[in-house]
Amino acid sequence: MQPLKVKDKLFYGLGSISDVIMANIVFQLAMPIYNIELKVSAALIGLAISLPRLWEAITDPLIGNFSDNTRTRWGRRRPFLVVGSILGGILCALMWMPPPMLGVNGLFAYFLVTSILFFTAYAVFSMPYNALGFEMARDYDSRTSLMSYKTFVMSIGSTLFLPWLYKMCFIPAFGGSVIQGARFVGCIAGALIILFGILPAVLCREPAGTQRQEKIGLFIAMKYTFMNKSFLIVSGIVFCILMGIFLAFPLMIYINLAVVFAGQGMQEAKESAAQINGVYNTVYGVLGIVAVPVINLLSKRIGKKKTLIGGLLLVASAFALSPVLFSQKYPYLQLMVGILASPGLSCVWVLTSSMLADVCDLDELKTGLRREGMFGAAFSWLVKLGLAAVMALSGYIIAWSGFNSELAQQTVATVNFLRFFFAVVPLVFLGIAIVLTFIFPITRERLVEVQAELESRRRK
1 MQPLKVKDKL FYGLGSISDV IMANIVFQLA MPIYNIELKV SAALIGLAIS LPRLWEAITD
61 PLIGNFSDNT RTRWGRRRPF LVVGSILGGI LCALMWMPPP MLGVNGLFAY FLVTSILFFT
121 AYAVFSMPYN ALGFEMARDY DSRTSLMSYK TFVMSIGSTL FLPWLYKMCF IPAFGGSVIQ
181 GARFVGCIAG ALIILFGILP AVLCREPAGT QRQEKIGLFI AMKYTFMNKS FLIVSGIVFC
241 ILMGIFLAFP LMIYINLAVV FAGQGMQEAK ESAAQINGVY NTVYGVLGIV AVPVINLLSK
301 RIGKKKTLIG GLLLVASAFA LSPVLFSQKY PYLQLMVGIL ASPGLSCVWV LTSSMLADVC
361 DLDELKTGLR REGMFGAAFS WLVKLGLAAV MALSGYIIAW SGFNSELAQQ TVATVNFLRF
421 FFAVVPLVFL GIAIVLTFIF PITRERLVEV QAELESRRRK
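Anchor point for the sequence shown: position 18 equals 18 in this note's numbering, and the numbering is continuous, going up by one each time.
By construction, these hints were calculated from the structure, which means they are not laboratory data.
Among the hints, erroneous ones may be present.
What the hints assert, rightly or not - Below, a list of computed lysine-lysine pairs in the DSS-like style, where the Cα atoms sit at most 30 Å apart:
#1 K229 <-> K305
#2 K329 <-> K167
#3 K305 <-> K366
#4 K223 <-> K305
#5 K229 <-> K329
#6 K300 <-> K7
#7 K167 <-> K223
#8 K167 <-> K229
#9 K229 <-> K39
#10 K223 <-> K300
#11 K306 <-> K5
#12 K300 <-> K5
#13 K223 <-> K366
#14 K167 <-> K39
#15 K7 <-> K305
#16 K305 <-> K5
These figures come from a predicted structure and were not determined experimentally.
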């Protein structure tokens, strides 16, 4: 088995810039643009964000299994990367260009339709992209190394670009208004999606042997996948982490408006919140980059499970301390949330992907097939079902809080609700994730046994 070269890991990692933009741009801009600027109800925007995730829960298994069964001269995965990134880039630009004559219901319908199409294109790209990473590396530590490169490059992209999306909308050269600025920002993001989505399709190579295996039907593939206990545990870990994050992090801009910059004029408060959001996410991203080689080293020394549990405890401490970190007197104290959470969440993104690749070996031992596409799709299916519910709920959470974008000073009840929810709810989900990590059964020793038996089968 040939070890992966540095250039192979780097070429694969480049695609993560497209992946992270497509995964996060809606969550970065939807509420600020469609709710705060265009005055569409937060509950409606939450619904418009969640319904595409439900749609993805249908499309992901179809695309993942189709990718597993595709046979072309360019491989099983790479054609999907090209098509998905091109469509995703175009739709990303269109999503932030609603016709100016639309009313509130028209804006909701426009955003809903374009976001459904956008996330469909994202599924076409992301399912095969993740599957390609699962099958490129074939041993316990090289998988963590490959996912470290992916997370490292992804963190660079998210640090330099994503944190400043909302702030970029205020640039006068982009049209003189936030709405016009969002159009330019969407076009820039779309171009980056296309560029970095095509690069791994051109520069990476797929294992040739997998194209010779027999094809497997969708329902049989799903049956085998959901019977795999280790797969369900990894999915549960990421599910719980994303539940906590996506319920809490969208509230940060509202906490800044209601608490940190309360008393300023609303326009001034929005610009201040956009500024500190950019600084926060840049610090968050830089620390994520710095953490990646440390995570890789720790995983080699103490294993993936112990490293991941340590990371989750760091994230939990960030939320537990948040009531004292959002301060009107010291606005930048909130950066401590990112300083604590970023290394911990980098552990999640690096190690759960590596753990899922290990699960694919255990599955091959049982079924005789390499089904990275289906595992990636089923993993995404479980996560997105939950995310759909969370995204729908997030809009109602903001509405329940009583936040009013027309008021410079929010009520005490609104402030207390936002603070309490941000601190407590994520801790519940993180606690469950820690328990699931503890019981995950695949260790380095177990994987060595599995791979030895697989190698013996292949020789025969």
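How the hints compare with the structure:
Using a Cα cut-off of 30 Å, the hinted pair K229 and K305 holds, with the two alpha carbons roughly 16 Å apart. Under the criterion of a C-alpha separation no larger than 30 Å, the hint pairing K329 with K167 is consistent with the structure, at around 23 Å. For the given pair, K305 sits about 23 Å from K366 by alpha-carbon distance, which is consistent with the 30 Å threshold. About 27 Å separates the Cα atoms of K223 and K305, which keeps this hinted pair within 30 Å; it holds.
Only pairs whose Cα atoms come within 30 Å are accepted, and K229 paired with K329 is rejected, the gap being roughly 49 Å. For the given pair, K300 sits about 21 Å from K7 by alpha-carbon distance, which is consistent with the 30 Å threshold. A C-alpha spacing of about 46 Å is found between K167 and K223, which places the hinted pair above 30 Å, so the restraint is violated. A C-alpha spacing of about 44 Å is found between K167 and K229, which places the hinted pair above 30 Å, so the restraint is violated.
This hinted pair does not check out: K229 and K39 have alpha carbons roughly 45 Å apart, beyond 30 Å. Annotation: proposed proximity of K223 to K300 is violated, straight-line Cα distance about 33 Å (limit 30 Å). A threshold of 30 Å between alpha carbons decides the hint, and for K306 with K5 the separation of about 27 Å falls inside it, so the pair holds. Of the supplied pair hints, the one linking K300 and K5 holds, its CA atoms being roughly 18 Å apart against a limit of 30 Å.
With a C-alpha separation of about 13 Å, the suggested pair K223 and K366 falls inside the 30 Å cut-off, and the hint holds. The suggested pairing of K167 with K39 holds, with an alpha-carbon distance near 18 Å, which does not exceed 30 Å. For the proposed pair K7 and K305, the alpha carbon gap of about 28 Å is at most 30 Å, so the pair holds. Proposed proximity of K305 and K5 is supported: the alpha carbons are some 26 Å apart, at most 30 Å.
Comparing the model with each earlier hint shows violations of hints 5, 7, 8, 9 and 10; every other hint is respected.
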